[in-house]
Every structure is written in structure tokens, then in C-alpha cells.
Amino acid sequence: MPNNLSAPNGPGRPKDLAKRQAILDAAKILFLSNGYASTSMDAVAAEAGVSKLTVYSHFNDKETLFSAAVMAKCEEQLPTLFFELPDGISVETVLLNIARGFHHLINSDESVNLHRLMMTLGSQDPKLSQIFFEAGPERMLHGMERLLSKVDQSGALSIDKPRNAAEHFFCLLKGAGNFRLLYGCGEPLTGDAAEEHVREVVGLFMRAYRPETA
1 MPNNLSAPNG
11 PGRPKDLAKR
21 QAILDAAKIL
31 FLSNGYASTS
41 MDAVAAEAGV
51 SKLTVYSHFN
61 DKETLFSAAV
71 MAKCEEQLPT
81 LFFELPDGIS
91 VETVLLNIAR
101 GFHHLINSDE
111 SVNLHRLMMT
121 LGSQDPKLSQ
131 IFFEAGPERM
141 LHGMERLLSK
151 VDQSGALSID
161 KPRNAAEHFF
171 CLLKGAGNFR
181 LLYGCGEPLT
191 GDAAEEHVRE
201 VVGLFMRAYR
211 PETA
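For what it's worth, my numbering labels the leading residue of the sequence shown as 1, then goes sequentially.
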């Protein structure tokens, strides 16, 4: 498995970082519009306005670029900082922030289109499905698992199986609404309806894992 993120050539230089971002943006557009097999490194270079050599200097191959593009999309809505438990911030507030970010992410047009693409690719190339899962869903599950372990240690909630709890949390947020979106027979919840759903899920989750002595 290639590294999900290759270090930029000359790390820290604004020009290199800007080029890397342009490559990622181009990759997200092309992978979603043309599919994985029909997206070449040459096409990504042209879309990003850089040379093919520059693309390879940032990302070793197409698999690495695909993985990084998936991770970048996730980080737009759920940066690593979301999975921290800052002093003075309630567990409910932290969970609500994660829930809002995740709900917005999975119901975005990009995410829905990417999941549809992966359903097609998965039957053709399971390796790509594994790359996608590790760069996207697995990264979020791992971050949430670590957070819930800290929550358990703090005593705010009683969570003896944080990995299972993380899966429960995200599955509750997806609900039937996300399935309808994927099938093309529904519209995403927005505004007050989205906030009500998020708050209902977080409330249910906290009641399920409330310490017995609380």
C-alpha cells in the first residue's frame, strides 16, 4: 500500500504547497467526473496547470493521488482537530461539532458521487476500495475511536468498546436519509431539519453511553 500522503518537494515552501493543493483539487474534479480508470496523471497535470513531473514529485503514482484526494475531501469537513477533547469544552459540544461536519460531508454532492463511483470500482478493483476505505471512513473511525477512549477515561461517558461506539455514532448520523441520496430518490436534510437530526443522534448516543452512576 503506498503512503497516503507524499511529502511535498521542498516542504513548507508556499509555491510547492500551492501546487500540491492545485493537484489535489484537479484530482477530485477529474476522479469524480471521469472515473478512476479514465483519469490520467497527464490529465491531472493539465487541469492543475502544472507539469506531469510536478505531479509525480508530490504523489508517487495514481493510487497515492487518489488516496490523498479522498483524505483531503474528508479533512475539509472533519480536520484532525475535531477529534480532540479540549479542556473546558463539554463532550456534547465536541460530539455536536463532529456530527455536523460528518453529516454535511456525507450528504455533499462530491461525497455522494464518490460513493457511487466506489460502488462501481469496488467490483472491478477491490484494491481501490481498500485505498478509499483507509483514506476516508477508516481515518474518521480511528479518530473517533481515539476520542471516545479519552471520553471514557474522563468518566463523562462509559464506553468499553470505543471502536463499536464510533461505528454506531456515524451509522446513526447517516441513517436512511443518506441511503436515499445514494439511490437518487431523496434530498439532503438542510437547515433546521439537519440540526434537529444531528442533535437527536448526539442525544441518543449520550443516553446510550451514560455512566450508570450518573
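In case anyone wonders, no lab produced these hints; they're calculated from the structure. The reader is advised that the hints may include incorrect statements.
Stated by the list, open to error - Here are the simulated lysine-lysine pairs, DSSO-like style, with alpha carbons at most 30 Å apart:
hint : residue 1 : residue 2
1    : 174       : 150
2    : 150       : 73
3    : 127       : 174
4    : 161       : 150
5    : 73        : 62
6    : 62        : 150
7    : 28        : 73
8    : 62        : 52
9    : 174       : 73
10   : 62        : 161
11   : 127       : 161
12   : 52        : 73
13   : 62        : 28
14   : 174       : 28
15   : 28        : 52
16   : 28        : 127
17   : 161       : 174
18   : 73        : 161
19   : 127       : 52
Because the structure is a prediction, the values reported are computed rather than measured.
Okay, the hints, checked on the actual structure:
no.	hint	result
1	174 <-> 150	holds (24 Å)
2	150 <-> 73	holds (26 Å)
3	127 <-> 174	holds (25 Å)
4	161 <-> 150	holds (12 Å)
5	73 <-> 62	holds (17 Å)
6	62 <-> 150	violated (36 Å)
7	28 <-> 73	holds (8 Å)
8	62 <-> 52	holds (12 Å)
9	174 <-> 73	holds (17 Å)
10	62 <-> 161	violated (36 Å)
11	127 <-> 161	holds (29 Å)
12	52 <-> 73	holds (22 Å)
13	62 <-> 28	holds (12 Å)
14	174 <-> 28	holds (22 Å)
15	28 <-> 52	holds (17 Å)
16	28 <-> 127	holds (19 Å)
17	161 <-> 174	holds (20 Å)
18	73 <-> 161	holds (28 Å)
19	127 <-> 52	holds (24 Å)
In this structure, the earlier hints numbered 6, 10 are contradicted, and the remaining ones agree with it.
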